[in-house]
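Participant: This is what each chain is made of:
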Amino acid sequence: MIKAAVVGASGYIGGELIRLLWEHPEAEITALVSRRYEGEKVHRVHPNLRGLNLRFTGPKELDADVIFLSVPHGTSMRIIDDYAGSSKVIDMSADFRVPLELYREYYGEHLRPELLEEFVYGLPELHRDEIRRAELIANPGCNSTAVILALHPFRDLVDEATVDLKVGSSAGGRKGGLPRMHPERSNAVRVYRTHHHRHEAEILNETGVRAHLTVHSVDLVRGLMATMYLRIESDRREIYRRLLGYLKEPFVRIVKDRRGIQRLPDPKYLIGSNFVDIGFECDENNGRVILFSALDNLMKGGAGQAVQNMNLTFSLEETTGLRRLPIYPV
Amino acid sequence: MAECPVCGFRIDLNEVQVHEVVECPACGSELEIVSIDPMVLEELPEIEEDWGE
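Chains as they are written, first to last, in our numbering: chain A, 1 to 330; chain B, 1001 to 1053.
A few of these clues could be false.
Claimed, not checked - Pair ranges (Cβ atoms, derived):
no.	chain 1	residue 1	chain 2	residue 2	range
1	B	1028	A	221	27 to 33 Å
2	B	1028	A	28	50 to 56 Å
3	A	214	B	1039	43 to 49 Å
4	A	105	B	1028	36 to 42 Å
5	B	1021	A	178	53 to 59 Å
6	B	1016	A	104	56 to 62 Å
7	B	1021	A	329	51 to 57 Å
Stated by the list, open to error - Which stretches of chain A does chain B cover? Using the computed rule of at least three CB atoms under 8 Å from a CB of chain B, they are:
no.	stretch
8	235–244
9	255–267
In short, the hints are calculated from the structure, not lab data. Think of the CB as a built atom: it goes at the ideal place given N, C-alpha and C, for glycine as much as any other residue.
Construct the complete structure from the given sequences, taking the supplied hints into account.
Facilitator: Have a look at this one:
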């Protein structure tokens, strides 16, 4: 069994990691670290996990083969020395996802630049073989995963893309404050970031496409939808040909239907699963292709992808513990 | 073998009949077999959805 620990286990991604690891047939949870909730029963913070008889611990030396760092951006690079070396590390933050030059452009100074090259970008569809050999994995976030997987097949056709993102509230973590109160948050379509979003750095690094992200917080708890507008003179068959490179990917579904309730990707139909759904439409009169990409931000956009990376780096079948269908209706 | 008219995927078809509807294993499109010899497939028409616009 793989001994797994989660540092920063009280957040939404942390809670989702606990749910997945608890049910994983080849993993056992050895520690759930939370400074704030040290000693507290886990279900007091994650009520869906009642009955597991787990408690949070404080920071300590961990008995683990793999440690998931589920801490805020900027924290991972401060605490990485406490955990790397004896265990594999899967970092959920953005601290080790891009080269130094891009990091400086989008984030500022890096505290551990010498470690950047040791991390592998944990997007299995693009870096499967490197992940299998990796000791340190930088797990991509939800925005990046949705956009990179959709844009990657078209990276030789475009160098820019306009991207509209709609994200659920859980993507913002467990922070409080007036803007997040229910009367303010409910029914809102709030522009969260107009431009120069930090995750543009990852997208540029992985695809070579300079994506211009505008992010909206919408009235969902889970789920993310990316709509991408590309200047491409192409037809339906060519777009299909490129996307069908994902045909053998276990967690990528091409969704483009002419019948039924769902015609194009919609996060509603994949909540709780590790799928990312990608679809498109050709606007041939105007020389455009519109791409759509949807995922559950806590699964393929977070904890699910991290477990997929764990499976790869421990030579397990990639889908182990992740073969779950979406919950419907939600 | 026949080519999906939507995505170009080569589909292995055995013992099918004219007017039978098959699904492309690659893109999922529903295709009607309009001719066996030569094998000709056509995409089923889109069912329009009225979303109240």
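Participant: Could you check the structure against the hints above and give me the numbers of any it violates, in ascending order?
Facilitator: Per hint list: 2 and 7 violated.
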